[in-house]
Amino acid sequence: MTESEAATSQPQIQIESNQGNPALACYGISKRFKTIQALDNVSLSVPRGSIFGFLGPNGAGKSTLIRVVAGLIAADEGNFDVLGTSSLSGHRVRRDMSALVDRADFYKNLSAYQNMKILGRITGHDSDEHINRLLDLLGLYERRTDKVKTFSQGMKQRLGLAQSLLPDPKLLVLDEPTTGLDPQGMHEIRDFILKIATEQNVTIFLSSHLLHEVELICSDIALIFNGKLAAQGSMQNIFREIDNVTIELEVEDSKATLTFLEKTDLVSQIIPLANAISIEIHYNQIPELIRRMTAEKINIFSVSQRNRLENYFLSLMEGK
Amino acid sequence: MILFKLTQNELYKIFSLIRSYIGFILFTGIVPLILWGYGMGTSHIEGQIESSVSDMFFIEGSPTNGFTAAYFIMNFFWIHIPFLLALVGGDIFAGEHANGTFRVYATRPISRLSIFTSKVFATFIYTFIFVFYFGLLTLGLGLIWHGGGDMLVFHNGVLILESSDALARFFIAYFFSFMNMVLVSSIAIFFSTMVRNAVGPVIGTMALFIFILMVSSLPLEVFEGIQPYLFTTYFSNWEQAFYDPIPWDDLFRGLGLVLSNVIMFLGIALIIFRRKDILS
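Residue numbers (my numbering), protein chains in the order written: chain L, 1 to 320; chain E, 321 to 600.
In short, the hints are calculated from the structure, not lab data. Please note: incorrect hints may appear among the correct ones.
What the hints assert, rightly or not - With a Cα cut of at most 30 angstroms, we get these calculated BS3-like pairs of lysine-lysine:
#1 Lys263/L - Lys297/L
#2 Lys117/L - Lys170/L
#3 Lys228/L - Lys34/L
#4 Lys170/L - Lys596/E
#5 Lys596/E - Lys117/L
#6 Lys596/E - Lys108/L
#7 Lys149/L - Lys108/L
#8 Lys108/L - Lys170/L
#9 Lys149/L - Lys596/E
#10 Lys117/L - Lys149/L
#11 Lys147/L - Lys108/L
#12 Lys117/L - Lys325/E
#13 Lys297/L - Lys255/L
#14 Lys228/L - Lys596/E
#15 Lys117/L - Lys147/L
#16 Lys147/L - Lys195/L
#17 Lys147/L - Lys325/E
#18 Lys170/L - Lys228/L
#19 Lys195/L - Lys170/L
#20 Lys596/E - Lys34/L
#21 Lys149/L - Lys325/E
#22 Lys325/E - Lys596/E
#23 Lys108/L - Lys195/L
#24 Lys149/L - Lys195/L
#25 Lys170/L - Lys325/E
#26 Lys117/L - Lys195/L
#27 Lys325/E - Lys108/L
Work the whole structure out from these sequences, hints included.
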């Protein structure tokens with residue numbers, strides 16, 4: 001499939017973004033496993049320098065697309081470019097990219113350093129200095145001579161990230177990198193992803209079904225349902241598309257606030273919570289509500305918007 | 321260059337596994353034991369030899385030595401070595417699938433053909449080292465323990481090989497045995513590309529080996545027609561290196577069949593591996 005043909009098969013909701021000169025561009029990729037259409041004519045574009053969140057429920061086709069890009073499975077139709085190199089040129093397409101698919105796995109009888117050495121040797125990035133620098137970056141230098149079988153899942157995931165950085169990639173593909181980690185491990189990996197993106201100047205293509213995680217670190221997203229791309233664009237543009245949002249108000253006098261909210265015409269749903277009040281409101285009406293509450297002398301401690309991406313995600317799913 | 325690096329990696333991985341040393345440890349223990357036992361039973365063996373040739377020769381000195389000991393051991397071990405080689409060849413692809421490391425390896429900018437070729441090279445190098453070690457241990461230790469001298473071979477009568485000739489014939493025998501073992505490793509590689517755990521290929525290799533060995537060695541008329549086409553028919557062809565004259569035509573015919581089987585098994589394995597979707 002050519003780029004022009006692929007353009008005709010774009011998702012229903014196309015949100016404008018900085019799509020020029022993409023790090024990864026997929027053109028009409030399809031993949032079928034027996035009776036299941038895992039990917040159906042998927043085209044997307046990952047802007048350079050972005051942290052791109054690839055979202056979808058379990059079984060939507062996220063991992064399948066990532067496996068196609070990583071070279072683990074072959075697409076039935078379509079192709080993709082990585083930093084201008086076409087997948088039609090074979091394995092060379094992965095020259096400037098690296099992938100950590102699913103959870104990180106290792107030669108468990110070898111040390112962290114030896115595991116790095118084995119992979120580094122393939123692309124000629126196996127100098128002691130380079131390996132030690134990456135192990136240091138991911139906080140594993142002190143444990144470099146320990147066998148991987150003694151590592152926690154979080155450490156393994158960090159070692160997987162270190163391995164994926166060995167060839168100095170310009171595009172890093174991560175498939176659900178926080179799966180199986182405890183909250184602290186998730187937090188660490190998120191921090192490392194941000195650190196890698198900024199310090200190493202790497203474009204990151206990240207698949208996840210954890211919307212909160214994506215919301216925290218991604219600048220651009222794409223959503224996939226049942227193997228079809230439903231939307232893609234920058235996070236900023238996507239949030240502009242959202243009409244009603246849910247926000248939580250933390251106030252001094254809940255009772256008075258509830259009375260006020262019930263009277264106002266700005267709010268469509270009010271749910272008192274243990275320490276806050278959850279309300280549904282049009283995104284553009286939030287400043288007006290705050291003005292009116294201030295005028296009523298209601299002391300507001302915080303106004304937080306909850307699950308913006310989740311709301312968007314659910315609204316798309318309901319629309320399906 | 322990339323192939324050299326990949327093969328280096330594969331050898332590194334093979335020799336980092338304890339299972340790769342099982343055969344070496346086994347032979348290091350059992351060969352000296354057999355050589356000791358052979359020495360203890362020398363008088364009995366000498367008696368048997370002398371009684372069988374007394375009407376033809378007068379034997380001065382001992383007819384048993386390091387050469388006859390090595391020949392004696394070779395007879396036993398060519399049937400057992402395949403199992404030990406299958407442990408490594410069977411693990412070379414399936415082990416990586418089981419560990420999940422293939423996902424990591426296959427995402428690098430290298431072709432599947434390069435990965436496959438490097439794994440095949442590494443397995444064959446391991447096979448060579450294994451056979452070399454076996455030869456070194458049996459012949460080297462045998463000669464040190466029981467000394468050298470002329471070698472008596474019983475084939476269509478009695479053949480006496482001079483010491484230097486015997487040594488050369490052992491090298492020929494080891495070469496053809498090595499090629500047979502390359503075929504065993506190829507079968508293990510073939511099974512290894514088909515499954516995702518390392519046990520299956522070992523069992524599969526041995527099951528196929530035993531099945532074909534039985535068919536090729538059964539003295540039944542019904543199988544005689546196919547026996548020349550079964551690779552196990554040629555697994556004892558190393559013995560022909562000690563015939564006089566050496567039947568080179570037979571040896572190379574056998575080698576041709578063994579090599580064609582190697583190409584067939586590796587060819588199918590390559591097709592399977594290149595088409596394989598790595599899903600988990």
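Cross-check of the supplied hints:
1. Restraint check for Lys263/L and Lys297/L: satisfied, since their Cα atoms lie roughly 15 angstroms apart, inside the 30 angstroms limit.
2. Only pairs whose Cα atoms come within 30 angstroms are accepted, and Lys117/L paired with Lys170/L is accepted, the gap being roughly 20 angstroms.
3. This hinted pair checks out: Lys228/L and Lys34/L have alpha carbons roughly 17 angstroms apart, not beyond 30 angstroms.
4. About 27 angstroms separates the Cα atoms of Lys170/L and Lys596/E, which keeps this hinted pair within 30 angstroms; it holds.
5. Restraint check: the Cα-Cα separation between Lys596/E and Lys117/L comes to about 26 angstroms, which is no more than 30 angstroms; the hinted pair holds.
6. Under the criterion of a C-alpha separation no larger than 30 angstroms, the hint pairing Lys596/E with Lys108/L is consistent with the structure, at around 24 angstroms.
7. Annotation: proposed proximity of Lys149/L to Lys108/L holds, straight-line Cα distance about 5 angstroms (limit 30 angstroms).
8. Annotation: proposed proximity of Lys108/L to Lys170/L holds, straight-line Cα distance about 28 angstroms (limit 30 angstroms).
9. Among the hinted pairs, Lys149/L with Lys596/E is consistent with the structure: their alpha-carbon atoms are about 28 angstroms apart, no more than 30 angstroms.
10. Distance check on the hinted pair: Lys117/L and Lys149/L sit about 17 angstroms apart at the alpha-carbon level, within 30 angstroms; holds.
11. For the given pair, Lys147/L sits about 6 angstroms from Lys108/L by alpha-carbon distance, which is consistent with the 30 angstroms threshold.
12. Note on Lys117/L and Lys325/E: the hinted pairing holds, with a Cα-Cα distance of about 11 angstroms set against a maximum of 30 angstroms.
13. Straight-line distance between C-alpha atoms of Lys297/L and Lys255/L comes to about 13 angstroms, which keeps the hinted pair within the 30 angstroms bound.
14. The straight-line distance between the Cα atoms of Lys228/L and Lys596/E is roughly 24 angstroms, inside the 30 angstroms bound, and the hint therefore holds.
15. Taking the CA atoms of Lys117/L and Lys147/L, the gap is about 13 angstroms. The hint holds against a cut of 30 angstroms.
16. Annotation: proposed proximity of Lys147/L to Lys195/L holds, straight-line Cα distance about 26 angstroms (limit 30 angstroms).
17. A threshold of 30 angstroms between alpha carbons decides the hint, and for Lys147/L with Lys325/E the separation of about 23 angstroms falls inside it, so the pair holds.
18. Among the hinted pairs, Lys170/L with Lys228/L is consistent with the structure: their alpha-carbon atoms are about 27 angstroms apart, no more than 30 angstroms.
19. Only pairs whose Cα atoms come within 30 angstroms are accepted, and Lys195/L paired with Lys170/L is accepted, the gap being roughly 14 angstroms.
20. For the suggested pair Lys596/E and Lys34/L, the alpha carbons sit about 15 angstroms apart, so the restraint of at most 30 angstroms is met.
21. Between Lys149/L and Lys325/E the CA atoms are separated by roughly 25 angstroms; this keeps the pair inside 30 angstroms, and the hint holds.
22. Between Lys325/E and Lys596/E the alpha-carbon distance is near 23 angstroms, which keeps this suggested pair within the 30 angstroms criterion.
23. Between Lys108/L and Lys195/L the alpha-carbon distance is near 27 angstroms, which keeps this suggested pair within the 30 angstroms criterion.
24. With a C-alpha separation of about 26 angstroms, the suggested pair Lys149/L and Lys195/L falls inside the 30 angstroms cut-off, and the hint holds.
25. With a CA separation close to 23 angstroms, the supplied pair Lys170/L and Lys325/E stays within the 30 angstroms bound.
26. Between Lys117/L and Lys195/L the alpha-carbon distance is near 23 angstroms, which keeps this suggested pair within the 30 angstroms criterion.
27. Using a Cα cut-off of 30 angstroms, the hinted pair Lys325/E and Lys108/L holds, with the two alpha carbons roughly 21 angstroms apart.
Of the numbered hints stated above, none is contradicted by the structure.
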